[in-house]
Amino acid sequence: MNQATAPDSRRQRKVVATYRRVLFFSLVIATTLTAMAMITSAFFQNGLSPQEMVLLVLYTLLILWVSTSFWTALIGFLVVVTGGDKRSIGRLPPRASTEGRQADTTPRKTALVMPIYNEDPTRVFGGLRAIYRSLLDTGRIDEFELFILSDTRDADTWLEEEANWLQLCEDFGAHGKVFYRNRERNVSRKSGNLEDFCTRWGGRYRYMIVLDADSLMGGTALTRLVDLMEAHPTVALIQSPPLPVNHKSLFARILQFGSSLYSDVFTTGSAWWLMSESNYWGHNAIIRIKPFVEHCGLPKLPGREPFGGEILSHDFVEAALLRKAGWEVWLAYDVKESFEELPPTLIDYAKRDRRWCQGNMQHMKMILARGFSGISRLHMLMGIMSYLSSPLWLLFLLFTGFEAYVQSQTVPVYFFGDNFYPVWPESYAVEMKTVLLVTLAMLFLPKGLGLLLVYFRPKVAKAYGGYFRVTLSVVLESLFSMLTAPILMLYQSKFVLAILLRKSVGWPPQNRDDHRLGFKEATLAHGGQTMVGVIAGLLSYQYIPSFFWWFTPVLAGLFLAIPLSMMSSSTWLGLMAKRLGFFLTPEEYSPSPVIRYLKENLERAEQHPAVALDGEYGKLMDPAVCSVHLALLPNRPVSKRHRYELKALVYRVIEEGPERLSSAEKRALVADPESLQRLHTLAWSRRNLPTGNV
Amino acid sequence: MNGVIATAAEHHDAASLNLVRRRLTAYLEQLKVTDPGLIETLLEESMKRAERRSASGDTDELMRRALEEIQRRIDAAVAKVYGLNPVKDMHRVAAARALSLKSGSPNLQLEAVLRSASADDTPALPALPAATPPEARLSMHPEPIAFFFGPPSTASH
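Residue numbers (this note's numbering), protein chains in the order written: chain A, 1 to 694; chain B, 1 to 157.
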């Protein structure tokens, strides 16, 4: 047996992983120490002032973070150009041995589970239809079942989801293959939703593939993940790297382009040094249900929110718990046809960040959990740093400005003591410029590596719009990310501060639809940042003009925040750029079948919208929707008291109109068969029924 | 029909009655019942019964009761055709109704069901949609997490 086909023992893998990590961390630490040495040599010339000490600490933390990213990308680049990683999960030979574990005897069936919460049903079911059709194309549909796990609270959306579910079953003849469940109480949010699935139906399946409401996975990716799990019985979770697709707004298209171009080097690099200790990103991943159920029941953290209470970013913790129990978690960087969507505007992006920030900051506590592996702690630390780096950069800028001001106020003394000759002040310009250039290089080089990979592959270059367009797109994307970075820095700093001040955030549904930002909305969101930019610019120009010019990239982003946010939300500009071949991605140039199916579904829904029988009574007007809903409602006895409360609510609807009810009251009515039928009849029997509905 | 209208006309003005008829027709059309003869029969019978049960001159009540009567007749027809009990099997009747409204198959359409019910013709009960499969339960307990500093985690939910 040659090395490629020899059974890859656990011990062997451990040795390789250790070797790779030692190399990786040596490079990261050596880079950090070198950068520190350069900046220290500049600072130590005249002794270390307190602000220099702070700057040194901040710079060390930031450069450590930057160099981790840099080396991950560089290694990823080298792995890709040398033909891929032979020890990645996708290329390891199948392992017959369960390495001492009990063999999994559950039926070899996979549940595709999609937890949803007040999402747009048109998009959700458009995506599910595309996934189902793509699975049909593989000829392996019998191995899969689809579960829509709704936590939706909004009554109208709930009704619409059910109607869409039945239509999907009818259109594909998929009764008994596609299931729908709406939880009565959405305990523990998404993780509770999945737990409910596992405890009720988990025994039917060996694996589950978790999808987000905006996830899209092709049949080849889904079957590949199942095959990989079957081949590696000691693996509990395989994460596929989802690429953003399906965007129209300029903002999302630029981000989509960046992800498409640069993510290869990052995911390949991460997979190379993480190997079987990778992470879980919450969706587009396959999970072996048995170990998940045994080890991933999430407890409540001690203390109150935002650090205590329910675990928000459950994915990182679940991966850590699986690792703690000795199971392997892999990132299959070479699994294609795994997609997701991005927030369409800068403001929506920031709102999503607000939720994620709280989830990640909660991991501050988890880092100190007993029994977690060092790599699991590192995953959490990296999650924290992705938000904490913003306030650190902000502090770094503030202290740099302060230091520059102090320097500008220092009057040089040329003659002191018994010196006959003047002592010229020393310039650290060379050292400081080197530090700056090294930092910038580490920040921007991964983009260059992504571009270089495209240059090596002419077909891929064509799919990105050709050499000229892809190069110009990278330049424009870098400019855009440079301008938006300070805006996000201020947002994230604010979020971190709010969380440190123990201000919790709710669980608002994400806005995934394209919409052009108005001046008012943009001003309300970015007005403060613009003011910060103007004031910082005036102060630096007045008091430290030499610093001002270095500071202009940051100031420009803040100063232009409002027009930038408005302009980038435009779908017209996004689509125009697409027509001109800018920010083009291979997924746009030559979409995989599942993307085409989704597009067709969404276009069909747009051209033939469901008959709008709504108005003030919402979907209750529609007899088909009401029938489906009634059929799915559980038969539950209602207490006398609750019956009276429901009747009172119906009378309120009659007297005041349904719009006066709260969302919870509407849901209570719709959840009761008797009230539902009464409301349906009421909706049709009122005198002022809009003529369009008759 | 004229008999019903004549009785109702004693208590309601022509405009109100016209509104009720138009509304009931629209409702039936929503249920994909488009046969004019069938619509006419259903209207006549429903309004006749509704008229008997509603307060004199109250068009709103007449409309509501007529709608309820149509719903009752449809459910009775669905239940009869599929051998279900309209009260005890309320959810299954609703499922069959939903299937009739969502299905592209002409045999399952409500119009066909209504005709079958009156003709004592009982087609085979189609597989009614099941939203969830039979449960196969697993237990999942919160994994306790202890910390180097501070109290441990607590059980979930």
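Be careful, since some hints might not be right.
SDA-like cross-link-like pairs, simulated, lysine to any residue; straight-line CA separation at most 20 Å [said to hold, decoys possible]:
(1) A:K433 <-> A:M38
(2) B:K102 <-> A:S188
(3) A:K300 <-> B:F148
(4) B:K88 <-> A:E674
(5) B:K102 <-> A:F519
(6) B:K102 <-> A:K433
(7) A:K503 <-> A:S188
(8) A:K324 <-> B:F149
(9) A:K365 <-> B:T154
(10) A:K324 <-> A:P233
(11) A:K459 <-> A:K365
(12) B:K88 <-> A:K248
(13) B:K32 <-> A:D171
(14) A:K248 <-> A:D514
(15) A:K365 <-> B:F148
(16) B:K32 <-> A:D514
(17) A:K365 <-> B:P142
(18) A:K300 <-> B:F149
(19) B:K102 <-> B:P142
(20) B:K88 <-> A:Y467
(21) A:K336 <-> A:K365
(22) A:K177 <-> B:A131
(23) A:K300 <-> B:E143
(24) A:K177 <-> B:P126
(25) A:K494 <-> A:M531
(26) B:K88 <-> A:L633
Worth flagging that the hints you see were computed from the coordinates, not collected in a lab.
Cross-check of the supplied hints:
no.	hint	verdict
1	A:K433 <-> A:M38	10 Å, holds
2	B:K102 <-> A:S188	34 Å, violated
3	A:K300 <-> B:F148	17 Å, holds
4	B:K88 <-> A:E674	13 Å, holds
5	B:K102 <-> A:F519	44 Å, violated
6	B:K102 <-> A:K433	69 Å, violated
7	A:K503 <-> A:S188	19 Å, holds
8	A:K324 <-> B:F149	19 Å, holds
9	A:K365 <-> B:T154	14 Å, holds
10	A:K324 <-> A:P233	17 Å, holds
11	A:K459 <-> A:K365	47 Å, violated
12	B:K88 <-> A:K248	51 Å, violated
13	B:K32 <-> A:D171	18 Å, holds
14	A:K248 <-> A:D514	7 Å, holds
15	A:K365 <-> B:F148	10 Å, holds
16	B:K32 <-> A:D514	35 Å, violated
17	A:K365 <-> B:P142	17 Å, holds
18	A:K300 <-> B:F149	16 Å, holds
19	B:K102 <-> B:P142	42 Å, violated
20	B:K88 <-> A:Y467	70 Å, violated
21	A:K336 <-> A:K365	35 Å, violated
22	A:K177 <-> B:A131	10 Å, holds
23	A:K300 <-> B:E143	10 Å, holds
24	A:K177 <-> B:P126	16 Å, holds
25	A:K494 <-> A:M531	15 Å, holds
26	B:K88 <-> A:L633	14 Å, holds
In summary, the structure is inconsistent with hints 2, 5, 6, 11, 12, 16, 19, 20, 21 from the numbered list given earlier, while agreeing with the others.
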